[in-house]
Amino acid sequence: MAIDVQGIRRDFPILERRAGEKPLLYLDSAATSHKPAPVIEAVASFYRESNANVHRALYRLAAEATELYEAARGKVATLLGARSEEIVFVRGTTEALNLAAHTVGEARLGAGDTVVVTEMEHHANLVPWQQTARRHGARLEAVPVTDSGELGLSAYERLLSSGAKVVALAHASNLLGTINPIPELAQAAHRAGALLVVDAAQTVPHMPVSVRELGADMLAFSGHKMLGPTGIGVLWARGDLLEELPPFMTGGEMIGEVWLDKATWADPPRRFEAGTPPFAQAVGLGVAVDYLAELGLVDVRAHDVELVERVLEGLSRREHVTVYGPREPSARAGLVSFNVAGVHPHDVATLLDQEGIAIRAGHHCAQPLVRRLGVPATCRASFYVYNTTEEVDAFLWALDEAWRLLK
Amino acid sequence: MKGYGEVILEHWRRPRNRGRLRAPDREAVQANPLCGDVVRLQLFFEDGCVRDVRFDGEGCAISQAAASLLTEKVKGKATAQLAELGEREFLGELGEVTATRAGCALLALWALQRALKEGPR
Ligand SMILES: Cc1ncc(COP(=O)(O)O)c(C=O)c1O
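Residue numbers (the working numbering), protein chains in the order written: chain A, 1 to 407; chain B, 1 to 121.
To be clear, the hints were calculated from the coordinates, so they are not data collected in a lab. Ideal Cβ placement from N, Cα and C applies to all residues, glycine included. Some hints could be false.
[What the hints assert, rightly or not] With a straight-line cut-off of 25 Å between C-alpha atoms, the simulated DMTMM-like cross-links for lysine to aspartate or glutamate are:
id, chain 1, residue 1, chain 2, residue 2
1, A, 22, B, 89
2, A, 407, B, 58
3, B, 117, B, 46
4, A, 407, B, 10
5, A, 407, B, 25
6, B, 2, A, 400
7, B, 2, A, 11
8, A, 22, A, 400
9, B, 75, B, 58
10, A, 407, B, 56
11, B, 2, A, 391
12, B, 2, A, 21
13, A, 407, B, 6
14, B, 2, B, 46
15, A, 22, A, 11
16, B, 77, B, 89
17, A, 22, B, 96
18, B, 2, A, 393
19, B, 117, B, 96
20, B, 117, B, 84
21, B, 2, A, 390
22, B, 2, B, 25
23, B, 2, A, 401
24, B, 75, B, 87
25, A, 407, B, 87
26, B, 75, B, 6
27, B, 117, B, 93
28, B, 73, B, 10
29, B, 2, A, 150
30, B, 73, B, 58
31, B, 2, A, 28
32, A, 262, A, 244
[As the list claims (entries may be wrong)] Under 10 Å between C-beta atoms, here's a sample of chain A residues computed to sit facing chain B:
id, residue
33, 261
34, 263
35, 345
36, 351
37, 352
38, 354
39, 377
40, 393
Using the sequences and the hints, build the whole thing.
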């Protein structure tokens with residue numbers, strides 16, 4: 001069933017504000033999503049009514065806070081079809097991937113091993129692996145991106161057979177929108193004896209994601225891109241893998257026993273949650289998960305596809321516009337990157353901003369990919385549950401105006 | 001949509017002093033790593049004053065228009081006068097730019113300041 005966009009919009013207080021004299025037309029949800037009132041309220045009421053440090057004290061309030069924190073973990077687990085013990089709360093995708101790269105490096109990487117990434121990675125799923133490979137004397141290899149914006153699968157197979165121990169790649173590219181065929185890629189990685197780490201920052205918020213169906217070993221995403229607060233994110237990993245991995249950060253909460261000269265570690269997930277965790281934010285994320293589950297992620301996905309189809313159709317009719325990534329709406333996440341002939345992306349974004357339209361222009365934290373495309377930067381419009389087909393049309397109209405003024 | 005002001009559009013469409021000098025006395029390249037804008041500014045002095053100037057580079061309309069405008073402003077000026085050219089005054093002449101784009105608008109001016117600081121080639 002189609003989601004009720006007008007009803008949804010009433011849940012997002014920020015959509016009532018104006019951008020200058022114009023209503024805010026927000027097309028940058030791939031960077032961060034807005035928050036519905038129930039999420040804002042959940043965080044505020046946690047601070048008002050339930051605030052206490054989790055896992056530490058014996059009094060009732062602390063027990064209640066801990067219960068709420070752990071309930072949020074349970075909701076995330078259910079969302080992913082995973083077990084609670086497999087859910088590690090972190091600050092966001094970036095921290096999750098740094099944790100993955102560091103610990104997998106310690107446990108699995110040695111001199112001469114290969115780490116496989118791709119040319120379409122966000123810097124968050126590239127730089128940590130560069131650092132890990134360097135530390136352990138491993139080689140870093142990147143799967144190339146084809147001209148149609150997909151991964152070169154024959155190159156992938158070839159790189160796997162060169163001693164790959166770990167593959168790190170995006171479920172969907174935040175620039176091209178390409179959704180990568182994770183189940184096949186995972187099978188191939190496992191045949192080669194490699195782990196598969198998935199950056200799902202652009203998919204978990206937008207479509208049903210089951211970690212078991214994907215066949216991944218680790219998966220990362222951020223709360224703030226899925227209607228939740230900033231400062232909370234998730235690393236999921238297979239239970240037996242988490243058992244095997246050493247800690248990332250050390251300190252309070254993550255220990256078993258501590259002596260002056262040594263320490264033992266807690267079991268996962270706490271082994272990976274050093275220090276006071278962002279518990280209020282976790283509670284907010286739990287409510288965001290409830291909100292998305294209520295809408296139904298199948299329908300959330302269908303809405304994205306509808307908007308992307310309309311944008312792709314509109315842009316492809318404009319000869320001065322180049323679109324990057326797959327042509328088929330169902331092959332991409334809810335975002336479209338493009339350029340306007342002879343006009344710098346920042347000029348497009350600034351002129352659209354004059355109409356209250358927020359799009360992103362730049363390298364989208366994927367400099368190697370932008371270089372591969374042979375452009376200095378791109379524009380990107382991205383969509384979520386509160387965006388309407390009328391907004392897509394207003395965006396296309398504004399793009400024509402910008403073209404008229406700058407061509 | 002009001003678009004950009006006349007000064008920016010004019011200089012962007014018909015850039016002044018675009019190109020390279022054969023033997024510049026001073027030169028600096030200033031880049032904005034966030035957006036990839038680049039401006040190279042070259043100066044040739046005679047009797048202590050800027051006799052000739054060129055810029056080239058790549059980037060948005062604002063950064064390139066600002067570089068073009070700057071080349072017009074520096075011509076004939078002595079080093080001391082160049083050092084007095086302030087950001088506020090320059091932005092005022094360029095016309096309205098939003099705070100998010102000030103870095104683009106000032107790229108060429110920063111190149112000038114670098115060229116002066118780094119001294120003769
Ligand atoms: C594909 C992808 N990976 C990683 C990130 C980093 O996420 P965060 O900044 O929330 O850590 C983002 C978002 O910016 C992203 O789109």
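- [ ] Go through the numbered hints given earlier and state which of them the structure violates, listing their numbers in rising order.
- [x] 1, 5, 7, 14, 19, 22, 25, 29, 33, 34 and 40
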